[in-house]
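Let the sequences and hints guide you as you build the complete structure.
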Amino acid sequence: MAAEAEINHVHSTFELAEINDDKPKCRPRISLEPVQRHTNVKAYLMKKVRKACSCTPARAKDQITSFLPVLEWLPKYNLKANILGDLMSGLIVGILLVPQSIAYSLLAGQEPIYGLYTAFFASIIYFLFGTSRHISVGIFGILCLMIGEVVDRELHRAGFEMEPSVPSSYHSDMSVYVDNSTLGLMNQTSQVLCDRSCYAITVGATVTFVAGIYQVAMGFFQVGFVSVYLSDSLLSGFVTGASFTVLTSQAKYLLGLDIPRSNGIGSLITTWINIFRNIHKTNLCDLCTSCLCLLVLIPTKEVNERFKTKLKAPLPTELVVVVVATLASHFGKLQEKYGSSVAGHIPTGFLPPQPPDWAMIPSVAVDALAIAIIGFATTVSLSEMFAKKHGYTVKANQEMYAIGFCNIIPSFFHSFTASAALAKTLVKESTGCKTQVSGVVSALVILLVLLVIAPLFYSLQKCVLGVITIVNLRGALRKFSDLPKMWRLSKVDTVIWVVTMLSSALISTELGLLIGVSFSLLCVIVRTQKPEGQLLGCVPESEIYEPLLAYRDLQTMPSIRIFRFEAPLYYANKETFKSMLYKLTGANPLLVLAAKRKAEKQKFREEKANSNGNQATISVQLVTQPLEFHTIVIDCCAVQFLDTAGILTLKEVQKDYGEIGIRVLLAQCSPSVRDSLNRGKYVKKGEKNLLFHTVHQAVEYALSAYEQNGCYDSEA
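Per the working numbering, residue -1 is the first one in the sequence shown, and the count goes up by one each step.
Hint data in this document are derived by calculation from the structure and do not stem from the laboratory.
Subject to a maximum C-alpha distance of 25 Å in a straight line, what follows is the list of computed DMTMM-like cross-link-like pairs (lysine to aspartate or glutamate): (1) Lys653 with Glu573; (2) Lys601 with Glu626; (3) Lys477 with Glu382; (4) Lys649 with Glu573; (5) Lys581 with Glu626.
Dropping the structure here:
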């Protein structure tokens, strides 16, 4: 049975009293009766179940197209209007993805081939499941860093102490590869020899699989609300702090140092200590190459950014640098002559699929949760931002499914975690992208590299890849220049940014994110626990009331105090509410009542002494000062909710002020606050329900009731 509702009409109730005709009468007070809803819970649930379980051809089609949005928009694809922009943007982004995928593989502690796998599969899968037309899904530097930290920790537990100085040599069947510089482990799933690189991608794929499961579960249970706790300032601070860790992890490649990667708390400081301890071992060839690449990449990146509106496409400087550096390293024999570290053999084709290591899941489950949250928060926020900019809508829930499948499926194909990336999305948008067909074009470019070109990068120096990674951190590091503006806009957001940035950089990325979220929530609690409260005055010739400290020439009434509390009223700030109310109104009812009782007792003792004939007693008259006002109006427009403590506080305030002859009126209560007051029996049975819809209505009632000399009694 459908829920029934009875709508009661708005009616007027008049406050009447037997008074002289020449005195002003109490004005009518409008009261709204709430809609009464009667719902049969069993019938309601049965209706929902029948609707969820029903299956019609139209419903089945909607479910399929909702799960695979590509089936809805691809048949309507406007070839003439969109194909040129999609081809151009897909080609350019694909060219940019090749060197970045190889470079970020080092950040994740993986061989270069696995970065190409990740970019390829993520582009294809998001094309099928995503709802955004513009975002580029692939390798994201911060997630690579988080993956790399987990990989290094698990490698250390498994007995792999140092990174291999000699590149791995792949077998011709590409199912197994052997590294003579490390001891092999026996892979429990395939029962074949697994070296350091094999074990590293097993860890990365397992973390990616678990993160994808988390993301799909978030979509299924519709818990995307978690992302609201990741504010812009918090995410910006986290990315900037993690960028310092990324820069630190790549510094050893720029210098050509062979030092172990530090993990755990304080890894940034430990890494720099190790770098300076081994600075005398710097490879001059790698250092010179790094400096030359920086001198080329930084200016061209600045040109791309400054003239992005005039350039039809960004200059593919990274690809040019990679090609030139590879040729120079190959023909100059930099590895053989100077011991320069190179990328090594990158095989063509694809490795056979392999499931994650199920036994490893418990040890990486917590790490995967932080990675999953950052991944989906970045993807959803970017997709919504570009959808709003271009005038279409995205489904946040479907976006969580899409990014989840972009991690679950590729994890079986030797890939690691992917998400949307702002820099590549901006390039994609600026080069004419119209739909996710551009993602397929980018995937085809990467496929060409995987099948044909990959072995040509054998001689590419790792320092070049490190430079590419560091140069792409410019955007995050530039956030420091925005701090003065951020401070002027919101000091709290600036403090959140600084705390998150420092904790992410100096402690660890995972703990930094947790500290940032905790500190952000603490700031919210403190701001509600220490809210603002102020007295209001009336704007002349209007019914508008504003804070006295914010505006000039506001009209005030000596007999009425109008108080606004700008926060929810709950257990944490109830004492603040009362102390602020007492201070601003200038009357603490408990102190006034105590002084009044003290005066009465003193008067009684004096009268008793006088009646006993004690003429020597000097009579002391303790006269309490009469209060200047008779009514307090509490403006509740900013009170979003009340808990039990808040309701009891309002009842206590009403009772205490009533004992000294001051009436407390509530105005502009939201429906939820009114419901809480009704459930808490704020207004007792038989009493007037003096809850007003506007402050002006409450003020007029207070003036009329007081002047009418009886309308102000509790019986009136």
